[in-house]
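Q: Single-letter residue listing:
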Amino acid sequence: MIYIIQEAVKGFFKNKSMSFITIGIITISIFIFGLFIAGTANMLNVIKLAEDRIEMIVYLKDNLKAEEIKLLDEQIATILGVQQTEFVSKEQALENFKKEMSENSPLLSAFESNPLPASIKVTVSMAYKTPEYLREISEKIKLFSGVEDIDYGSEWIDDLDRIIKILFFIDIILGIIITLSSVFVVFNTIRLTVYARREQIDIMDLVGATETYIELPYIIEGIVHGLFGSLISTALLYSLFSFISTKIPNVIFLNSSLTVFMVFFGMILGFTGSFMSVKQCMNEIREVKRLEPVGKRKTLPRSVK
Amino acid sequence: MIYIIQEAVKGFFKNKSMSFITIGIITISIFIFGLFIAGTANMLNVIKLAEDRIEMIVYLKDNLKAEEIKLLDEQIATILGVQQTEFVSKEQALENFKKEMSENSPLLSAFESNPLPASIKVTVSMAYKTPEYLREISEKIKLFSGVEDIDYGSEWIDDLDRIIKILFFIDIILGIIITLSSVFVVFNTIRLTVYARREQIDIMDLVGATETYIELPYIIEGIVHGLFGSLISTALLYSLFSFISTKIPNVIFLNSSLTVFMVFFGMILGFTGSFMSVKQCMNEIREVKRLEPVGKRKTLPRSVK
Amino acid sequence: MINFKNVYKYYKKDWVALNNVNLSIEKGQFNYLIGRSGAGKSTLMKMIYMELFPTEGEIEVAGYNTKSIKQNEIPMLRRKIGVIFQDFKLLKDRNVYDNVAFALQVTGEKYSNIRKKTLEALAAVKMSHKRNSFPYQLSGGEQQKVAIARAIIKEPFILIADEPTGNVDPEGTRDILELLFEINTRGTAILMATHDYSLIKKSVGKVIGLRDGKLVNPDDIFKMEFGGQQ
Amino acid sequence: MINFKNVYKYYKKDWVALNNVNLSIEKGQFNYLIGRSGAGKSTLMKMIYMELFPTEGEIEVAGYNTKSIKQNEIPMLRRKIGVIFQDFKLLKDRNVYDNVAFALQVTGEKYSNIRKKTLEALAAVKMSHKRNSFPYQLSGGEQQKVAIARAIIKEPFILIADEPTGNVDPEGTRDILELLFEINTRGTAILMATHDYSLIKKSVGKVIGLRDGKLVNPDDIFKMEFGGQQ
Ligand SMILES: Nc1ncnc2c1ncn2[C@@H]1O[C@H](COP(=O)(O)OP(=O)(O)OP(=O)(O)O)[C@@H](O)[C@H]1O
Ligand SMILES: Nc1ncnc2c1ncn2[C@@H]1O[C@H](COP(=O)(O)OP(=O)(O)OP(=O)(O)O)[C@@H](O)[C@H]1O
Ligand SMILES: [Mg+2]
Ligand SMILES: [Mg+2]
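Residue numbers (my numbering), protein chains in the order written: chain A, 1 to 305; chain E, 1 to 305; chain G, 1 to 230; chain Z, 1 to 230.
Derived by calculation from the structure, the hints in this document are not laboratory data.
Take these hints with a grain of salt, some might be off.
Quick list of in silico lysine to any residue cross-link-like pairs, SDA-like style, CA-CA up to 25 Å [to be verified]:
| no. | chain 1 | residue 1 | chain 2 | residue 2 |
| --- | --- | --- | --- | --- |
| 1 | Z | Lys110 | E | Thr212 |
| 2 | G | Lys27 | G | Lys206 |
| 3 | G | Lys12 | Z | Pro135 |
| 4 | G | Lys12 | Z | Asn132 |
| 5 | E | Lys16 | E | Ile268 |
| 6 | A | Lys165 | E | Phe243 |
| 7 | G | Lys126 | Z | Lys223 |
| 8 | A | Lys289 | E | Lys14 |
| 9 | G | Lys223 | Z | Tyr197 |
| 10 | A | Lys16 | E | Ile285 |
| 11 | A | Lys98 | E | Asn96 |
| 12 | Z | Lys70 | E | Leu216 |
| 13 | E | Lys99 | E | Pro117 |
| 14 | E | Lys14 | A | Asp202 |
| 15 | A | Lys289 | G | Lys13 |
| 16 | Z | Lys214 | G | Arg174 |
| 17 | Z | Lys5 | E | Arg290 |
| 18 | E | Lys165 | A | Asn250 |
| 19 | G | Lys110 | A | Val9 |
| 20 | A | Lys14 | E | Lys279 |
| 21 | G | Lys12 | Z | Arg94 |
So here's chain A without its partners, still in its complex pose:
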């Protein structure tokens, strides 16, 4: 066991340029993978910010009594998906409107009486902010008496929903591409470095080393490469994001569990890549020699030189 670890350590330093290349390529793969994850996280964040702004305004009929409003408010609050309600009186509405239009609107001067209705602002809980649920909720509210009209920006919601769907779609495609690419690139790089030492593997086999003894150093090397690669790429990602966040507010970096996942992903890549490569390499060496594998020999027709 000591020897195996020794081997792995030696292998690491002996093949400096190969180690360098492998670590470099793992770093790049994990880095791009991490960029993608961080990008997705930021995208989700932006979507959340956008969805936060979704609200439903229930315009009330004029001349409702205070009790009627209270009842309506309570009725709305019981609907599935409604998180919070807030009453906005006619006066308040006008004030808000004036504030919004403050500077440069010739509209303002046109009001002779207050044309704005009182309303109830309904906050919908996150999970119900899809066009379908919003429509459903608004239809339920419409049935209550005292409701004049409901505005929840239905066209805008549809737009947002479409954009979110598109983003998710692109994100998933990108995710698949990037994951597969990382795996392909890392596996094959490791494969090339293992195959470059094919002769060494053959000799070890012939001298009586067990498969474990031959394979373990490669596997450990692979894991260490994966670990280094992912640590370096995490560090790079971290500095990149600190840099970016000085330029752009609201950028979020990977949280710690995602970071751990990335490091883990790197190690798994290194492990699986080296494990498969060295296994495959040994099998190929043996097969070339045997032509027929152990225990699966058939009788050939004799022929003479």
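Starting from the structure of chain A, add chains E, G and Z with the ligands where the hints point.
A: Chains E, G and Z with the ligands alone, transformed into the frame defined by chain A:
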């Protein structure tokens, strides 16, 4: 020369798995590179669409005479950066407003007279759609008599401008990362495949093959790998984009000159990678043997066994 | 101890490298294997440490049978067999010491033992002074000696030597042969392929002759193919 | 034609592989190079085809001088020299035919010529029947014969043979020696390193002795190191 081409062709088929790996990795690199380029192109497209919507509305004082309006219109049209102007009368403004508010606005009923002013819609040419230029233009227009107010969505423009800058910033960082990564990954993959045949190169050298004779097959192989890789990735990109464009409207694919550039990029990668690798490999082989390169020998102090 | 029963070996389906070989090697026996280039000597040897398997027939080595041995038993078998390969098969990225020590490391021997035995083996082939060199820094003969050291260090029950003196000078050849005899007297069986018939004449031991993959009387080979010296 | 002038070669700065060697080889001469393992035979030969350069002193080969030769002249020189390497150095990914033909392809010879000469060279070493085999499918002696075929096909002005019979049986050795003599009579100089002193006694030719990197009288080597056969 015939032999060299023969060699290259043979090399291609002899090292099938290596060719496969190299082509695969070049494909991935170019593919991701292409995704990035296509993504940038689409981003620019979206930005252009957004910027297209920027327009400046010059609200006119009430009761301007037709000649005055005409004069103002002409004056505005002479300002640097103004592309086009269009007069919108009071009546038209109301109509547009009614159309926009069509469905569910209790505001509409509140109008007793037409409160909307006449306006001139100013189209600003593309290059001047930055917050600074727009402010400058609007200030110039303000000086003309008959102008009541100007609206060009200044806050919104600032937002858009900031988003565009952020996108460009991210895009450039991504571009640098992706380009460097592609180059690193492809170069080192080729290097590994060349170094795997290091012994062969050594033997050829010893048997009297010229450098050209030894190197050219590798270089041709590299170019061919690059060509195949970039063709495959272009094909993949093309199918991916055709697929995406069935789901998302307005997606643009690489134009033909970008495609040519990508193929060219792949070939250059393959060429430079193999050229540098085989040169470096030969130099290393020679240096290990000579310890002192030709023509740079120094006298060593003698010592005896 | 080693038994070949009706062994045939075909390469590429139609090249007969071994043709109905029946052979047994006893404990502590010294065997020479002779035959022309391409007669099948290396092929026969590779079958003993089970790098190759017979196309037909079976071989028994130290209780393992080619028909029933499992993949994970092969390393165990190989640890008991010392092999001097015709092309040396040294690990290129290790120095001489590590190359020799390697054969013991795989058996899980103690560190102090490994060191002692490795230095002894290197001394036996007169290569101690080169223990820190890498294979590419050695002459052909020196590489061969390192390969020999690696094979004898395990104290195998059989030593397979495929032309162990092909690249060594006459005095070195004598040294190596003496070394093999000494190992043999300690109970290790030896199977040595050689083209140097003068060695055989100077020593005792059984001679196995191969021609075109068939066992033949070794005297035939001496007579027909090297008449001059017989 | 070949001239060594006060040649020293150090490896690793302190290992003297060649120690003040002065030597000349004339056109058409047959030279044997003898010496123990590690004496510096291969090192000396590598300097002739300029794989290695002297640490001190200079070597002249066919008009090229180690002090003044340019990198791009080296292939030209090597094309005129046939080398049988001690470790064969066959291209692993080509079959026997291609390995031999390769030596002519690099010179830009015509296709039909290459084919004819390659088949002739293979016939000369009796390896025609294995022309489609790959090196790993050959026995040690067969590989050596292919290496010989590759060296002689160029019709070089000097043939450097580093133990060309180390893995070949006695009859094969005789054949190879006859082949070398025949090539020699056609005007090719030959420098052959060997441990088989019996060969030398049976033929004519100059003998160069090396011990610890120094030139010595070959009789000293015969006497001291192989007294028995002298
Ligand atoms: N992997 C292989 N595939 C095809 N043919 C092979 C293979 N290995 C060996 N041979 C052929 O089988 C025959 C026997 O080979 P082997 O190596 O046993 O000869 P040998 O007696 O050891 O010869 P030498 O003295 O030259 O080493 C040779 O003709 C060789 O060409
Ligand atoms: N690259 C190298 N680095 C260090 N030492 C070397 C190198 N090559 C050879 N040597 C040493 O130089 C000495 C001479 O080596 P050389 O190969 O010339 O011997 P040789 O006479 O050909 O021996 P043999 O008959 O065994 O082939 C040897 O002791 C060898 O260990
Ligand atoms: Mg053999
Ligand atoms: Mg030598």
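Q: Run every hint past the structure and note whether it holds.
A: Status of the hints after comparison with the structure:
no.	hint	in the structure
1	Lys110(Z) x Thr212(E)	holds, 19 Å
2	Lys27(G) x Lys206(G)	holds, 13 Å
3	Lys12(G) x Pro135(Z)	holds, 14 Å
4	Lys12(G) x Asn132(Z)	holds, 12 Å
5	Lys16(E) x Ile268(E)	holds, 22 Å
6	Lys165(A) x Phe243(E)	holds, 15 Å
7	Lys126(G) x Lys223(Z)	holds, 21 Å
8	Lys289(A) x Lys14(E)	holds, 19 Å
9	Lys223(G) x Tyr197(Z)	holds, 21 Å
10	Lys16(A) x Ile285(E)	holds, 16 Å
11	Lys98(A) x Asn96(E)	holds, 22 Å
12	Lys70(Z) x Leu216(E)	holds, 21 Å
13	Lys99(E) x Pro117(E)	holds, 16 Å
14	Lys14(E) x Asp202(A)	holds, 21 Å
15	Lys289(A) x Lys13(G)	holds, 13 Å
16	Lys214(Z) x Arg174(G)	holds, 24 Å
17	Lys5(Z) x Arg290(E)	holds, 19 Å
18	Lys165(E) x Asn250(A)	holds, 15 Å
19	Lys110(G) x Val9(A)	holds, 20 Å
20	Lys14(A) x Lys279(E)	holds, 22 Å
21	Lys12(G) x Arg94(Z)	holds, 17 Å
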